[in-house]
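Please build the complex by placing chain B on the supplied structure of chain A, with the hints as guidance.
There are 2 protein chains.
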Amino acid sequence: MQARKKDKMEENIITIEDVKASIRNIPDYPKKGIQFKDLTTAIKQPEIFHFLIEEISAMYMGRGITKVVGIESRGFILGGALAARLGAGFVPIRKPNKLPAERYSVNYMLEYGEDSIEIHKDAIEPGEIILLHDDLLATGGTSKAALELLSHFNPEDIYLNFIVELNFLNGRKVVGDDYDISSMVHF
Amino acid sequence: MQARKKDKMEENIITIEDVKASIRNIPDYPKKGIQFKDLTTAIKQPEIFHFLIEEISAMYMGRGITKVVGIESRGFILGGALAARLGAGFVPIRKPNKLPAERYSVNYMLEYGEDSIEIHKDAIEPGEIILLHDDLLATGGTSKAALELLSHFNPEDIYLNFIVELNFLNGRKVVGDDYDISSMVHF
Numbered sequence: 001m002q003a004r005k006k007d008k009m010e011e012n013i014i015t016i017e018d019v020k021a022s023i024r025n026i027p028d029y030p031k032k033g034i035q036f037k038d039l040t041t042a043i044k045q046p047e048i049f050h051f052l053i054e055e056i057s058a059m060y061m062g063r064g065i066t067k068v069v070g071i072e073s074r075g076f077i078l079g080g081a082l083a084a085r086l087g088a089g090f091v092p093i094r095k096p097n098k099l100p101a102e103r104y105s106v107n108y109m110l111e112y113g114e115d116s117i118e119i120h121k122d123a124i125e126p127g128e129i130i131l132l133h134d135d136l137l138a139t140g141g142t143s144k145a146a147l148e149l150l151s152h153f154n155p156e157d158i159y160l161n162f163i164v165e166l167n168f169l170n171g172r173k174v175v176g177d178d179y180d181i182s183s184m185v186h187f
Numbered sequence: 001m002q003a004r005k006k007d008k009m010e011e012n013i014i015t016i017e018d019v020k021a022s023i024r025n026i027p028d029y030p031k032k033g034i035q036f037k038d039l040t041t042a043i044k045q046p047e048i049f050h051f052l053i054e055e056i057s058a059m060y061m062g063r064g065i066t067k068v069v070g071i072e073s074r075g076f077i078l079g080g081a082l083a084a085r086l087g088a089g090f091v092p093i094r095k096p097n098k099l100p101a102e103r104y105s106v107n108y109m110l111e112y113g114e115d116s117i118e119i120h121k122d123a124i125e126p127g128e129i130i131l132l133h134d135d136l137l138a139t140g141g142t143s144k145a146a147l148e149l150l151s152h153f154n155p156e157d158i159y160l161n162f163i164v165e166l167n168f169l170n171g172r173k174v175v176g177d178d179y180d181i182s183s184m185v186h187f
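From first to last, the protein sequence lines are chains A and B.
Mapping the first sequence onto the working numbering, position 31 (from 1) lands on 31, and the numbers just tick up by one.
Mapping the second sequence onto the working numbering, position 105 (from 1) lands on 105, and the numbers just tick up by one.
If we strip away everything but chain A, and leave its shape as in the complex, we get (with noise of 0.2 Å):
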């Protein structure tokens, strides 16, 4: 906590309020009834952007991370820096059909229809200790199916970690109890 503490002095100006007002709400998006969530205007801003990453790597800082593994194509961007920032790998999960070489895969049924995942058979090792990000958790159906992708290799352990989180949808309940869930913002 202490740390926490120090980078938001240094941070000085920003607070997760700040990072909530930042992100762009687009109603009846992609369908009717749906407010979506736009980060493009969060991300773009430097401080809004060093604010997630500081913030999020504080929280898993010595918990010896090994492989972030990101969901396509959002959960690349913060995903990537993550890594970056706690010395691990990155690994993507992708779309089907996306990554070349053998690969695990997984139906999954999503908010706006259905879809699968994929990851590479050789992307992480037994015992490795996975950090798996994404932009959004909503009904928790794209979480549930790249943990089950993610259960192929035997990992030691598995965090999530959200930037926005959906909290009328229940995703938590969705991905299960068994998980250490953390979300920067809430709705």
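Read the hints as simulated data drawn from the structure, not as lab findings.
Don't take every hint at face value.
Same chains, same label: a pair holds when it works inside one copy or across any pair of copies.
Unchecked claim - Derived BS3-like pairs: lysine-lysine, alpha-carbon spacing no greater than 25 Å straight-line:
1) Lys144 x Lys98
2) Lys173 x Lys98
3) Lys121 x Lys31
4) Lys173 x Lys121
5) Lys31 x Lys144
6) Lys20 x Lys98
7) Lys32 x Lys121
8) Lys20 x Lys173
9) Lys20 x Lys31
10) Lys20 x Lys121
11) Lys20 x Lys32
12) Lys31 x Lys95
Just chain B now, with coordinates in the frame of chain A:
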């Protein structure tokens, strides 16, 4: 140069040849005759990933980069990490109909067919200094289209960086002599 030499000494063991050796070649992917360069085997290794980010950011440190623009989706991985390292904001260039707000769009020919890419109209302010990053410089079609998108913002300067450049495809010529281009690994 002094700073880069020092970095290399601190890295101790990693060289560009190590990076090159860590890239997996996938023959006949996605089409017969194409030698696909798979970077996942490079960036999953913390030392290689770290080396790439430190080497690239050392080149652009002190040039006043205010935005790193990454091209979807592999350009997001190091793009995000470089923005963080350089204290810049991050801006995504995305495939059609992925960005939710008002956007510029451009069609272009690419190695395996035709495509278009887009950027938010409010992504960049006039006079900014941009580092455009993608994983691969092949025919240069995507980069040229990205530069066309960026021209809408009247930036003060644009630098281009790639992890891999396929020299025999002459992408540099397509991009043009007006630009400062760097690539870490050449095939």
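Hints versus structure:
1. Lys144 x Lys98: This pair counts as both: shortest intra-copy Cα distance 20 Å, inter-copy 23 Å.
2. Lys173 x Lys98: Neither. Shortest intra-copy (30 Å) and inter-copy (28 Å) distances fail the 25 Å Cα cut-off.
3. Lys121 x Lys31: between (35 Å within a copy, 22 Å between copies)
4. Lys173 x Lys121: neither (28 Å within a copy, 37 Å between copies)
5. Lys31 x Lys144: Cα proximity of Lys31 and Lys144: one copy only (23 Å, versus 32 Å across).
6. Lys20 x Lys98: between (32 Å within a copy, 21 Å between copies)
7. Lys32 x Lys121: For Lys32 and Lys121, the Cα distance is within 25 Å only across copies (23 Å; inside one copy 38 Å).
8. Lys20 x Lys173: within (23 Å within a copy, 43 Å between copies)
9. Lys20 x Lys31: within (22 Å within a copy, 44 Å between copies)
10. Lys20 x Lys121: between (37 Å within a copy, 21 Å between copies)
11. Lys20 x Lys32: Intra 23 Å, inter 47 Å, cutoff 25 Å: intra-copy only.
12. Lys31 x Lys95: Result: close both inside a copy and across copies, 21 Å intra and 18 Å inter.
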